[in-house]
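Engineer: Just so you know, the protein sequences line up as chains A, B and C, in that order. FYI, in numbering that gives the first Met the number 0 the residues of the first sequence are 0 to 317. FYI, in numbering that gives the first Met the number 0 the residues of the second sequence are 0 to 542. FYI, in numbering that gives the first Met the number 0 the residues of the third sequence are 0 to 298.
What the hints contain is simulated information worked out from the structure, not anything from laboratory work. There may be inaccurate statements among the hints.
To be verified - With a Cα cut of at most 30 Å, we get these calculated DSS-like pairs of lysine-lysine:
#1 B:K397 - A:K9
#2 B:K397 - B:K305
#3 A:K312 - B:K116
#4 B:K207 - B:K116
#5 B:K71 - C:K292
#6 B:K305 - A:K2
#7 B:K495 - A:K312
#8 B:K305 - C:K292
#9 B:K495 - A:K2
#10 A:K2 - A:K312
#11 C:K292 - B:K397
#12 B:K29 - C:K26
#13 B:K71 - B:K27
#14 B:K29 - B:K71
#15 B:K270 - B:K29
#16 B:K305 - B:K270
#17 C:K292 - B:K29
#18 B:K271 - B:K207
#19 A:K278 - A:K169
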Amino acid sequence: MNKLLLTVAKRLGLGLFTLLVISLIIFLAVDMLPGDIATEILGQMATPDAVAAIRAELGLNLPIHERYLDWLGGLVQGDLGNSLATDRPVASLIGDRLMNTLYLAGLAALISVPLALGLGVLAALYRNTLVDRVVSVSSLAAISMPEFFIAYVLILFISVQLGWLPSLSKVDADQPWLDRIQLMILPAITLTFVTCAHMMRMTRATIINLLSSPYIEMARLKGLGPWRVIVRHTLPNAWAPIVNVVVMNIAYLITGVVVVEVVFVYPGLGQLMVDSVAKRDLPVVQAASLIFAATYILFNLIADVVSIVSNPKLLHPK
Amino acid sequence: MMQRINDAQVHPILEIRDLVIESQGRPKGKRLVDNISLSLRPGEVLGLIGESGAGKSTIGLAAMGYARDGMKITGGQVLFDGVDLLSLPDRQRRPYRGARVAYVAQSAAAAFNPAHKLIDQYVEAAVVHGVLSDAQAREEAVALYEELGLPNPETFGNRYPHQVSGGQLQRAMVATAMACRPEVLIFDEPTTALDVTTQIEVLAAIRKTIRDHHTAALYITHDLAVVAQVADRIMVLRQGEMVEEGDTRRLLEQPEQTYTRDLLSVRNLHKKESAPDDTVLSIRGVCAEYHRGTQVLKDVSVDVEKGRTVAVVGESGSGKSTLARVVTGLLPPTEGSISLHGETLSPRLRERDRKTLQRLQMIYQLPDTALNPRQKIRDIIGRPLQFYHGMQGAALEKRLRQLVDMTELGTDFLDRWPAQLSGGQKQRVGIARALAAEPDLIICDEVTSALDQLVGEQILNLLLSLQRDLGMSYLFITHDLGTVDAIADHVVVMRKGQVVEQGAKSTVFAPPYESYTRLLLDSVPEMDPAWLDHVLADATPQG
Amino acid sequence: MMISEKPSTTTDGHLAGHDARPSVGRKFTRAVIQAPLSAQIALLVVMFYLFVIVFAPLLAPYGEAAVVGDAYAPWGGEFWLGTDSLGRDILSRMIYAARNTVGITFIATVLAFVIGSSLGMVAAVTGGWVDQTLSRLVDILMAIPLLIFALLLLMIFGGSVISLVLIIASLESTRVFRLTRAVAMDVAVMEYVEAARLRGENMLWIVRREILPNILAPLTAEFGLRFCFIFLLVSSLSFLGLGLQPPTASWGAMVRENVMLITFGSITPLLPAAAIAILTIAVNLIVDWFLNKTSGFSK
Chain A
0 MNKLLLTVAK RLGLGLFTLL VISLIIFLAV DMLPGDIATE ILGQMATPDA VAAIRAELGL
60 NLPIHERYLD WLGGLVQGDL GNSLATDRPV ASLIGDRLMN TLYLAGLAAL ISVPLALGLG
120 VLAALYRNTL VDRVVSVSSL AAISMPEFFI AYVLILFISV QLGWLPSLSK VDADQPWLDR
180 IQLMILPAIT LTFVTCAHMM RMTRATIINL LSSPYIEMAR LKGLGPWRVI VRHTLPNAWA
240 PIVNVVVMNI AYLITGVVVV EVVFVYPGLG QLMVDSVAKR DLPVVQAASL IFAATYILFN
300 LIADVVSIVS NPKLLHPK
Chain B
0 MMQRINDAQV HPILEIRDLV IESQGRPKGK RLVDNISLSL RPGEVLGLIG ESGAGKSTIG
60 LAAMGYARDG MKITGGQVLF DGVDLLSLPD RQRRPYRGAR VAYVAQSAAA AFNPAHKLID
120 QYVEAAVVHG VLSDAQAREE AVALYEELGL PNPETFGNRY PHQVSGGQLQ RAMVATAMAC
180 RPEVLIFDEP TTALDVTTQI EVLAAIRKTI RDHHTAALYI THDLAVVAQV ADRIMVLRQG
240 EMVEEGDTRR LLEQPEQTYT RDLLSVRNLH KKESAPDDTV LSIRGVCAEY HRGTQVLKDV
300 SVDVEKGRTV AVVGESGSGK STLARVVTGL LPPTEGSISL HGETLSPRLR ERDRKTLQRL
360 QMIYQLPDTA LNPRQKIRDI IGRPLQFYHG MQGAALEKRL RQLVDMTELG TDFLDRWPAQ
420 LSGGQKQRVG IARALAAEPD LIICDEVTSA LDQLVGEQIL NLLLSLQRDL GMSYLFITHD
480 LGTVDAIADH VVVMRKGQVV EQGAKSTVFA PPYESYTRLL LDSVPEMDPA WLDHVLADAT
540 PQG
Chain C
0 MMISEKPSTT TDGHLAGHDA RPSVGRKFTR AVIQAPLSAQ IALLVVMFYL FVIVFAPLLA
60 PYGEAAVVGD AYAPWGGEFW LGTDSLGRDI LSRMIYAARN TVGITFIATV LAFVIGSSLG
120 MVAAVTGGWV DQTLSRLVDI LMAIPLLIFA LLLLMIFGGS VISLVLIIAS LESTRVFRLT
180 RAVAMDVAVM EYVEAARLRG ENMLWIVRRE ILPNILAPLT AEFGLRFCFI FLLVSSLSFL
240 GLGLQPPTAS WGAMVRENVM LITFGSITPL LPAAAIAILT IAVNLIVDWF LNKTSGFSK
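Just chain A, same shape as in the assembly:
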């Protein structure tokens, strides 16, 4: 048991370290920016005095490691600095939008995970049959399409021609729950298409791989029925790889959300980030990148921990 805890702790430590390095990369990347944040704020016409004043105010005179530690300290306390474009605290800009993004990704995951796992297992069980081919080819098509293509096709048919659902998803916190969900359906379906296809293909490959192991042959030679072979002999070993697949795709969902949010004008973090990149609003971009990266790392960490915990060799050491 100790070894298990140690492995998990190691993994967590590594995740934390990665996050730290990434914060440094993001900080340095912005710091390397040609020109200067001060001129960036004031424009090219600024007087040297004004620039110097702003630099002092922003602490740009300090040595780089002090600035990084300051920034990091602020981050930990939830102080992400002020937006250059609106001068509002970044934290307040991001808060609601982050929740919106998480809702959308959550809804998409709720649809796509069961669907993908079901289809993946089905395709694996009936491999090389018509069912398998249809599922495989259509999933291949789905992962080959850009998200905005799927999104606009849905808008064209479901919103414009049929008029069932709105083409814009401008949700806000005051709306009742049901209305918000209704607005989120189209973006969620779009996201489902792409992630579901990925997950399904990976699930199928995982199961097929497991089905060729000698202990599955042994189970069949024991005279066990196909159902028992799957439930009792395949699934306990499929857990780790499948959770891995699911989590990786949820992580992808959260970043894949960017394009979809832009298409549906959904007020999420992705849309904010794209807007801020266009406006060169550095603190917002910095914060948003860090949040996206942190989420991504967190999910990968979960996948790792699940696969460690479900490994019988670590669970029951010699």
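Starting from the known structure of chain A, fit chains B and C onto it as the hints suggest.
Structural biologist: Okay, now just chains B and C, sitting in the frame of chain A:
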């Protein structure tokens, strides 16, 4: 061996008639099993023997009405107690599998599900087939574990497969197969992956179990000496066809077919010891470790003299292959030195010059991975000629032809790809590649253990004749004492990283024996059906 | 199984020359004839795209950025696919966009492969601290979601074609590195590689002669897949307004420029998106076919 059942009136429990199994993949339609018929009476053991590609495992699985992916049973009948398993739908075939006919696989480590406890996997078949209740099955499991000599039988089953050693796991698999007291057991090379000293325990356990429970069995193996210990009758197979079948003793003593005679004579190669000469390679006091603190070699000293073969023999974990890595410089020793013709070598491969590297060559265990599949034989053998001797053009071509000639391959092999060669031919290319460098010493790492016995013997003969003609010296690493007898002048016995004993073959392999050497020698099965009985009778009673 | 070929007549010391099998062209033709219908159609589609890319200036009726008519002219007549908000011919822009988008993707993919696969092979062959350093670095870079990283870097380095290509290539090269390292690692433990090491061969030789020829199949498949990923990334960035800058035509940007039309029920904005989807599907189908073929061969 006692002939337990020889009553022609008794109906066979298993009868296979005109079985044909074809390959589904590439090459499609190839007959893997061609018109095989056999019958097995209750309590009788039939040995299926043959080299790789003989179709023996495929027949074993077919006896359960099962064919692996890529194979298809296209003809014949498999009658179990009079019912043709092949004509039944899958649902009706299942009650037979695991309950009346059960399977013991070659690698128990792969065939046990890693996610479940051993006892749960024991109980499963009995409960699913409704033979026993869960509690009854658990009780019987403990009894059977005890019968098979497993340690702490009450708690043994609570372990997971990875927590148990190879020999124990193999016995646990025999127990699991016995759960429903099947009438027929299929053993598919159940001792092949084990060390000799472990093999003998498992073999004894298997024989005791099937005799005590009066179980009929198909025993599949490539090793005639092993099958001679358990089988009443033996069927010799070759490339999916039957060569001959007969009573064990009759087949061993008066084989009718030349192929069977070849198989029988395979261990009769014996090299006469040659006199010591100048020392070529000298290993002095070598210690080595892969991870700090876990020594895999402890103070090993070995000399190899010109034109002689030094065999390093030991079981897995003895450090014999590590010794080869140290000599080649892949693993620098923590202590000790290696010298070639009196000249001390740098411990690291990177620090050795081309001249040194050329003088030490290596031949590998697995011919499939020893040759780059994307290079023609010409390039594989030609590279050392170019690299060490700068050969070009006509000189290169001439030398290439000589080398394939020396390794008995023929010049048309030069333009083939490795995939077009058989295992033995690939091994010859490996030898030619080593010879091309014109080395002082060749390290042979288990060079015959991946080959069929007949092919392995040809390779040994080739190595011997090259030694005679060229005065080549070999450091020969092997786990197989038969091979040692065939090729060695000097023997080094290793165990757990240390040299247990070394000396001239005639002294090591003659009384008085060192105790571990004796254990090894006693564990090698002989072609005599009474061998196992003798060994078990001689063995001092212990666990 | 291959039948033994006639002995080569070359007797010079140049060993590499023997690899050339004379029937590569014929083998390919035969493979295409035996290929499933989906792969055959996909090959035709890719050939059509290549044709358009090569002959773009001849095929396009108008210039890439030329304003030639009224805004939002309908389909038919002078402008087959109508005009955009500035009055540029949509068909012409579609054709030029093929060149721009596919061209950039191709260059970025090649670059990502040159960087990623050479470092991946070096890491696999060298091992030790070189491998550890490179692998940890790649782990960290891959922990940042690609699109987010690309957005961040594009903001910093600006949206010129060169920085676009360099940013995408270096980010995607981490993925190529990981795959190459994994497959090269499988080969590097083979005994024939050890034999080459023991012979005293240098790393370059081992990588070129022992490793590369044996991982060519998975690398080729990965090239196809990577091309698709990069293509979708470039298109997404253009769609977000951060890829190729106007007035250069690109399919992603064209969707964005004409998106207004969709509210009127016109499918015009979907055309460039469909152009992206069709090419990606075709390349994926070819990769699938290739993988099926080679996986059977190598095992």
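Engineer: Tell me if the straight-line CA distance from K305 (chain B) to K292 (chain C) falls inside 30 Å.
Structural biologist: Given that 30 Å is the threshold and the Cα spacing comes to 50 Å, the pair is violated.
Engineer: K495 (chain B) and K312 (chain A): Cα distance at most 30 Å?
Structural biologist: holds, 25 Å
Engineer: Is it true that the CA of K397 (chain B) sits at most 30 Å from the CA of K305 (chain B)?
Structural biologist: holds, 27 Å
Engineer: Holds or violated: K2 (chain A) with K312 (chain A), Cα cutoff 30 Å?
Structural biologist: Distance ~10 Å between K2 (chain A) and K312 (chain A) Cα, so the pair holds.
Engineer: When you check the alpha-carbon spacing of K292 (chain C) and K29 (chain B), does it fall within 30 Å?
Structural biologist: holds, 20 Å
Engineer: Tell me if the straight-line CA distance from K397 (chain B) to K9 (chain A) falls inside 30 Å.
Structural biologist: Given pair K397 (chain B), K9 (chain A) is violated - Cα atoms ~60 Å apart, limit 30 Å.
Engineer: Verify the proposed pairing of K207 (chain B) with K116 (chain B), using a straight-line Cα cut of 30 Å.
Structural biologist: Between K207 (chain B) and K116 (chain B) the Cα gap is close to 25 Å, so the pair holds against 30 Å.
Engineer: For the pair supplied as a hint, K271 (chain B) and K207 (chain B), is the alpha-carbon distance within the 30 Å limit?
Structural biologist: With a Cα-Cα distance of about 39 Å, the restraint between K271 (chain B) and K207 (chain B) is violated, given a limit of 30 Å.
Engineer: Starting from K292 (chain C), check that the Cα of K397 (chain B) is at most 30 Å away, please.
Structural biologist: violated, 38 Å
Engineer: For the pair we were handed, K71 (chain B) and K292 (chain C), check the Cα-Cα distance against 30 Å.
Structural biologist: holds, 22 Å
Engineer: Checking one constraint from the list: CA of K29 (chain B) to CA of K71 (chain B), max 30 Å. Satisfied?
Structural biologist: holds, 10 Å
Engineer: Just to be careful, I want the Cα atoms of K305 (chain B) and K2 (chain A) compared with a cutoff of 30 Å; is the pair within it?
Structural biologist: violated, 51 Å
Of the hints listed earlier, those the structure fails to meet are numbers 1, 6, 8, 11, 15, 18, in rising order.
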